[in-house]
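Engineer: The lines below spell out each chain.
There are 2 protein chains.
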Amino acid sequence: MAEIRHNVVIKAAPGKVYEAVTTQEGIEHWWCKQTTAKPELGFVNVFTFGKTRNEMKVTGLSPGKRVEWECLDAIEEWIGTRISFDLEERNGHTLLRFTHAGWRAVTDTFAECNYHWALFMKSLKSLCETGSGTPS
Amino acid sequence: MAEIRHNVVIKAAPGKVYEAVTTQEGIEHWWCKQTTAKPELGFVNVFTFGKTRNEMKVTGLSPGKRVEWECLDAIEEWIGTRISFDLEERNGHTLLRFTHAGWRAVTDTFAECNYHWALFMKSLKSLCETGSGTPS
Numbered sequence: 017m018a019e020i021r022h023n024v025v026i027k028a029a030p031g032k033v034y035e036a037v038t039t040q041e042g043i044e045h046w047w048c049k050q051t052t053a054k055p056e057l058g059f060v061n062v063f064t065f066g067k068t069r070n071e072m073k074v075t076g077l078s079p080g081k082r083v084e085w086e087c088l089d090a091i092e093e094w095i096g097t098r099i100s101f102d103l104e105e106r107n108g109h110t111l112l113r114f115t116h117a118g119w120r121a122v123t124d125t126f127a128e129c130n131y132h133w134a135l136f137m138k139s140l141k142s143l144c145e146t147g148s149g150t151p152s
Numbered sequence: 017m018a019e020i021r022h023n024v025v026i027k028a029a030p031g032k033v034y035e036a037v038t039t040q041e042g043i044e045h046w047w048c049k050q051t052t053a054k055p056e057l058g059f060v061n062v063f064t065f066g067k068t069r070n071e072m073k074v075t076g077l078s079p080g081k082r083v084e085w086e087c088l089d090a091i092e093e094w095i096g097t098r099i100s101f102d103l104e105e106r107n108g109h110t111l112l113r114f115t116h117a118g119w120r121a122v123t124d125t126f127a128e129c130n131y132h133w134a135l136f137m138k139s140l141k142s143l144c145e146t147g148s149g150t151p152s
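Top to bottom, those sequences are chains E and U. All residue numbers in the first sequence are consecutive under the working numbering, ending with 152. All residue numbers in the second sequence are consecutive under the working numbering, ending with 152.
Simulated from the structure, these hints should not be mistaken for lab results. Misleading hints may appear alongside valid ones.
Claimed, not checked - List of simulated lysine-lysine pairs, DSS-like, C-alpha gap at most 27 Å: (1) LYS27(E) to LYS49(U); (2) LYS67(U) to LYS67(E); (3) LYS67(U) to LYS138(E); (4) LYS49(E) to LYS49(U); (5) LYS67(E) to LYS81(E); (6) LYS67(U) to LYS27(E); (7) LYS138(E) to LYS27(E); (8) LYS27(E) to LYS138(U).
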């Protein structure tokens, strides 16, 4: 199993980052403009990118600390993978540990997604620090 | 052994990307402002970031196709690792496959470097496509 991991320091409190990765309004402003999401265990978030529809079930929610999604539907390689956001407070800021786990192999798609996840982490950082991100 | 991989499409010919990742002038404009580098097999490129000095021996050079460096000196986790740039022509553009291989473990430093490598790949892409990158 292969994993994508990105560590990013965000100059904002964990509570603010948690809101940005759990609420519809938050996610719409750093990742996916067409989002249906609820910060509710078991809820299936839906992220639409053009013709691609991603369904992610909320499988973990620990306010200010951790969010986990399980991918129910998406491109074939993503199905069954798990995405998590672990937040650690560091002097009033946040160390975000992002993980996209459960890839069956390190493929070209994996390497392409790794690159794009980093850019979305930068977008999330920018949203939390400046109020403006670059979602797709 | 763990590997960082990023795939990025660059709207420029492989020859141009090759130049940007092999020459001193190229590397200075997307990665490290304080660079000493030569496109010469066996040459030891030196990249200085503040107090951190990276020495990378050029171990592979295939014009327009592949560049490989071996890390001789840097932060402890980087020593002995290998960095490569594989270039594939795609309709006049370039698919760049970047790899930083030979990590002994997936650590916080690995995840931090993974994030930062992606931003430098975006900088390289920007340099090749627009003439302007964001080196450190």
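Engineer: If any of the earlier hints don't hold here, list their numbers in rising order.
Structural biologist: When the structure is compared with the hints, numbers 2, 4, 5 turn out to be violated.
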